[in-house]
Amino acid sequence: MKKSEKISRKKFLKRITGWLSIPIAVLWIKGVDRSISSSSKTKIILPSDLPQGISFMDKIIINKQNEIVKVFSSSCTHLGCKINSTRENELICSCHGSKFNYEGKPIVGPAIKPLKQLEVLKSIKTGELTVYV
Amino acid sequence: MSKKKEKISPKMYSKIFGSTFGHIAFASFFIALLSGIFLSIFYDIKEPFDSISMMLIANPSASFIRSLHYWSAQLFMILIILHVWDHLRKSTEMQVKRGVWIRLSISILTVFFVMLTGFILKADADSIQAKRILETLLQDIPLIGSYLSFSLLGKGEDFQLIYVHHIATTTIFVWIIIVEHVKQIWPNVRTLLYSLLPIILLTLFYPSILHSNHEPIIKGPWYFLGVQELFHYMTYPEIILWIFIFLFIMIVLLQKFDDNNRLRIKIFWLVISIIYFVLIIIGYFFRGENWEFVVPWKNNYFINSNLNPINNSANYFTDFNVQNEIPKIMGEREGCLYCHSDMEGFSPSHDPEAVGCASCHQGNTFTIEKSLAHSNLIKIPGNLETANLSCGQSGCHPGIKERVDKSIMNTMNGVISVNRYIFGETNNFDELHYITNIGKSAADTHLRNLCASCHIGNEKFEYGPITELSRGGGCNACHLNYTIDAEKDLQKLSTSHADTSIIKFHPSLDLNISNNHCFGCHSRSGRISTNYEGWHETQLKEEEMPSDSLHRLLEDGRVFTFVEADIHHQRGLECIDCHNSYELMGDGESYAHQEEQSKIMCEDCHFTHSPNYVNNSDLDSESKKIAKIRGFDFPERKYLITKKDSIPLINTFIEEDNTPYLIGKNSKKKFNLNPPNFICIEGKVHDRLTCNSCHTAWAPQCVGCHTEFDPNEIGIDHLTGEETKGSWKEWVGEFIAELPTLGVMVNSLGEEVIETFVPGMIMTLDKSKFNGSEDITIFHRLFAPTVAHTTSTKGRSCKSCHNDPLAIGYGRGELKFSKSGKWEFQNKYVLDEHDQLPEDAWIGFLNDIQGKGTRTGARPFAVEEQKRILTVGACLTCHDESSRVMMETLTDFNKSLDKVSKKCVLPVW
Chain A
1 MKKSEKISRK KFLKRITGWL SIPIAVLWIK GVDRSISSSS KTKIILPSDL PQGISFMDKI
61 IINKQNEIVK VFSSSCTHLG CKINSTRENE LICSCHGSKF NYEGKPIVGP AIKPLKQLEV
121 LKSIKTGELT VYV
Chain B
1 MSKKKEKISP KMYSKIFGST FGHIAFASFF IALLSGIFLS IFYDIKEPFD SISMMLIANP
61 SASFIRSLHY WSAQLFMILI ILHVWDHLRK STEMQVKRGV WIRLSISILT VFFVMLTGFI
121 LKADADSIQA KRILETLLQD IPLIGSYLSF SLLGKGEDFQ LIYVHHIATT TIFVWIIIVE
181 HVKQIWPNVR TLLYSLLPII LLTLFYPSIL HSNHEPIIKG PWYFLGVQEL FHYMTYPEII
241 LWIFIFLFIM IVLLQKFDDN NRLRIKIFWL VISIIYFVLI IIGYFFRGEN WEFVVPWKNN
301 YFINSNLNPI NNSANYFTDF NVQNEIPKIM GEREGCLYCH SDMEGFSPSH DPEAVGCASC
361 HQGNTFTIEK SLAHSNLIKI PGNLETANLS CGQSGCHPGI KERVDKSIMN TMNGVISVNR
421 YIFGETNNFD ELHYITNIGK SAADTHLRNL CASCHIGNEK FEYGPITELS RGGGCNACHL
481 NYTIDAEKDL QKLSTSHADT SIIKFHPSLD LNISNNHCFG CHSRSGRIST NYEGWHETQL
541 KEEEMPSDSL HRLLEDGRVF TFVEADIHHQ RGLECIDCHN SYELMGDGES YAHQEEQSKI
601 MCEDCHFTHS PNYVNNSDLD SESKKIAKIR GFDFPERKYL ITKKDSIPLI NTFIEEDNTP
661 YLIGKNSKKK FNLNPPNFIC IEGKVHDRLT CNSCHTAWAP QCVGCHTEFD PNEIGIDHLT
721 GEETKGSWKE WVGEFIAELP TLGVMVNSLG EEVIETFVPG MIMTLDKSKF NGSEDITIFH
781 RLFAPTVAHT TSTKGRSCKS CHNDPLAIGY GRGELKFSKS GKWEFQNKYV LDEHDQLPED
841 AWIGFLNDIQ GKGTRTGARP FAVEEQKRIL TVGACLTCHD ESSRVMMETL TDFNKSLDKV
901 SKKCVLPVW
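Heads up: the protein sequence lines correspond to chains A and B, in order. So for the first sequence, our numbering puts the first residue at 1; every next one is plus one. So for the second sequence, our numbering puts the first residue at 1; every next one is plus one.
Same shape as in the complex, but just chain A:
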């Protein structure tokens, strides 16, 4: 009969910890996945008397030109800062100075991706405009 191999207590604990890290990681990933998927999007109802031009509202930027309403996420595509200022027909990110036109297209870096355009849903009954962000 082969003599059983002896391992030190320290080594034993290290191995146990190593093995335990796998189920812990699985639990962590599963748990976070569940939490993220259960976080619902925020519903924003646009005001009925939207002015022409740019309006800032919570997490969105609204651009109304005549009857066309476009809604963008106010999150800068560079590093996620909230954009809430406009100057000389440009939307400006106050964190790093990226500038976008009113169509959400980047015109001055560092951002190079356009702002995320959100789908505007119109209620057939009330004509109410809604976006989810």
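Careful, some of the hints might be misleading.
Dumping the calculated BS3-like pairs for lysine-lysine here, alpha-carbon to alpha-carbon at most 27 Å [as the list claims (entries may be wrong)]:
1. B:Lys794 with B:Lys684
2. B:Lys97 with A:Lys10
3. A:Lys59 with B:Lys628
4. A:Lys113 with B:Lys155
5. A:Lys70 with B:Lys638
6. A:Lys30 with B:Lys155
7. B:Lys298 with A:Lys99
8. A:Lys116 with B:Lys155
9. A:Lys14 with B:Lys256
10. B:Lys406 with A:Lys105
11. B:Lys256 with A:Lys11
Just the calculated beta-carbon pair ranges, DEER-fashion [what the hints assert, rightly or not]:
12. A:Lys105 with B:Lys504: 45 to 53 Å
13. A:Pro114 with B:Glu751: 34 to 42 Å
14. A:Glu88 with B:Ile679: 38 to 46 Å
Covered, in the sense of this in silico footprint (three residues per stretch, anywhere, with C-beta under 8 Å from a C-beta of chain B), are these stretches of chain A [claimed, not checked]:
15. 50-58
16. 71-80
17. 84-93
18. 102-116
No lab work stands behind these hints, which were simulated from the structure alone. Cβ coordinates follow ideal geometry from the N, Cα and C atoms, glycine included.
Chain B: place on chain A using the hints.
Frame of chain A, contents of chain B only:
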């Protein structure tokens, strides 16, 4: 791998008062830990920003503990960095086991994380943006990014998880590492006391401030400003993340390298650190709103920072007795309203219950201690210098300050260019300038002495309403209004040693823009404000003024006489009824001359075609906002728009039958907008004439001007307000109110039109006495286009143009048509020695000797045009202007010439 080196004695480390950097860092950590425990008593995770605000406003002890926590944490981090450097310098990395070294390396990251979470827990605008950036960066890590982000920062704008990590996870980890490293659970009492001293001093003299959420400048914590600066240049910020991870791994694996490579890595880190430190300096001092470059003394962030000595008076020892609730404005506590709660007189849009005090006045809202609250106070908001911190904030009137900056009322482009042309300093009328940037040349000094105060950016220094003597004031120039009560309060203030608490009536900032707002500047130069009301300047002195209703004394001592008011004034229209926001505040473009910036034209309101309009639902946001405030915002309304740039005229409406009308913006009176008379639109012979050319009743004109520099005169530099030794002076020969001269210019739509002109300037300019100038006298015969604002319902007569030498440009005198068909002109004013034209002429009689216009393309009538005008004039010598014959000429003049009778005498040239 190199051999282990000889153990280094603690004596060899850098020390302060006998303690190593590491020991002081441990002591600072301990102070931060203890102060953090106490701070948590006052900190409310549900309303973090509000709870910190209340500590600052009403709880000096809590505020002290917060500052103690802040400074101990900063000192801890700085000393940890110094301690690490001390270790690396002595190459002690080889003296620790590998596992310990990895844990120590990770603990450095943890220190930065605990610092950053502390910054985020302030929950102000800086913090929330920092959290968003950190989230985005973490999510960029492949595979585990989103899990890390969610697990470290939580979801949305909830701070609970960050709080737990700040006070527990990371703090405990750092403490365990410290204990393992130092082999002590507590710091030495002596080191603790030594460390406490600088922390308390910093706490006392540099209390930790809180940025308002309405602060336009967003910056991270000072130690991450280098990263923020790098991000400004980096399209792919994840590169920074990977570079950082690479540098970190180099440190973790440092023990694996040989002596030479370890040294190289350390030198590399040192260089990186020095560069990073420079980037922090740039980020802190040289970056302003929207991360734009700005010099430190104009950087509003620095003004409101922890390190500005102005902010460095603590209120820890004030015995507060806060009896009432501190009001919340736009979600933030505003200490100002604790004392100034019962102020009256505001326009609805500026009601302090809606916008507070600090939106306009800045100051410190997180205190109720007067001297602290009033630090960095903008006493008179609205001046362009500080407009970005007050009226022009992104949450209030964004973009307007930049428009006004570029507007002609601020730049004075036309004035500067024409003035420099006259002084022989440029040949271009269309240069773009900025009045505050002009130099000290003869031309620019002339403006500084005589004209430079009339720009809207001229700072208003003193309280009080806009008067005839006011110049500039930024937004105040148009929007500031004092009620009688507010004026009485102002008088009280002047006698009560500036005790502002006695003030109950605040002036209003509103849209009630009266003619008086324009009057100060516009009663000068073209004098359109006085013209509009019918007043013409005389050369009478105050004591010579007859005491009758036909004379008026202005506050500046000038005496005016009544001629005839503009028909719009007679009917009750004010300046603001025609002029709109895009003209008065600019439209964001730079223009060389005033008429280029103007949008409104007579034909925008007086037309025969179907109206050009915009529906209420299609109004731009600015017009919509103004229409709403003025009570003109009705969903079914249609508004006229200007021919130039389609600007909505929000006080003009169209009835269902297409009849347009106008409502006075202030008076709310209704005015019909009548179409032009048939004579204005009959035929095509007068197509080029502007409405102005016929309907201007009179225009102020001067003859025989002279400008000279007097080296002994004490003058004023109106840009700096300083006295100057030597000043430019002007003399005028005569002021005359008469029909203007006509000429040709290219309008802002690019069309060549007949417009009204006045002498501007026919003058001699003596530069001989100006510093260093050559002995030179310049003569100019320049006519300037004018819109005199003296409109009359009845246009000028046909003869007043076709038979009048002043109208054609010959100057005053007698213009006769002889029976032999010869036109003859006898001038009234003598011929000028410089060009042999009469003193008041623009052009020689039927010859090519001519002066110039003050605009590119502006000119007097060419000889052929003069002949055509005078041919009609010949007919008018016999035929009445309303006769059938003359009416027929309006349709086709050449056809009428074919029908002339034998009695008719046509001009012979």
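To see whether the hints hold, each was checked on the structure:
{"no.": "1", "hint": "B:Lys794 with B:Lys684", "verdict": "20 Å, holds"}
{"no.": "2", "hint": "B:Lys97 with A:Lys10", "verdict": "16 Å, holds"}
{"no.": "3", "hint": "A:Lys59 with B:Lys628", "verdict": "26 Å, holds"}
{"no.": "4", "hint": "A:Lys113 with B:Lys155", "verdict": "24 Å, holds"}
{"no.": "5", "hint": "A:Lys70 with B:Lys638", "verdict": "24 Å, holds"}
{"no.": "6", "hint": "A:Lys30 with B:Lys155", "verdict": "16 Å, holds"}
{"no.": "7", "hint": "B:Lys298 with A:Lys99", "verdict": "23 Å, holds"}
{"no.": "8", "hint": "A:Lys116 with B:Lys155", "verdict": "20 Å, holds"}
{"no.": "9", "hint": "A:Lys14 with B:Lys256", "verdict": "23 Å, holds"}
{"no.": "10", "hint": "B:Lys406 with A:Lys105", "verdict": "25 Å, holds"}
{"no.": "11", "hint": "B:Lys256 with A:Lys11", "verdict": "23 Å, holds"}
{"no.": "12", "hint": "A:Lys105 with B:Lys504: 45 to 53 Å", "verdict": "51 Å, holds"}
{"no.": "13", "hint": "A:Pro114 with B:Glu751: 34 to 42 Å", "verdict": "40 Å, holds"}
{"no.": "14", "hint": "A:Glu88 with B:Ile679: 38 to 46 Å", "verdict": "44 Å, holds"}
{"no.": "15", "hint": "50-58", "verdict": "holds (count 5)"}
{"no.": "16", "hint": "71-80", "verdict": "holds (count 4)"}
{"no.": "17", "hint": "84-93", "verdict": "holds (count 8)"}
{"no.": "18", "hint": "102-116", "verdict": "holds (count 4)"}
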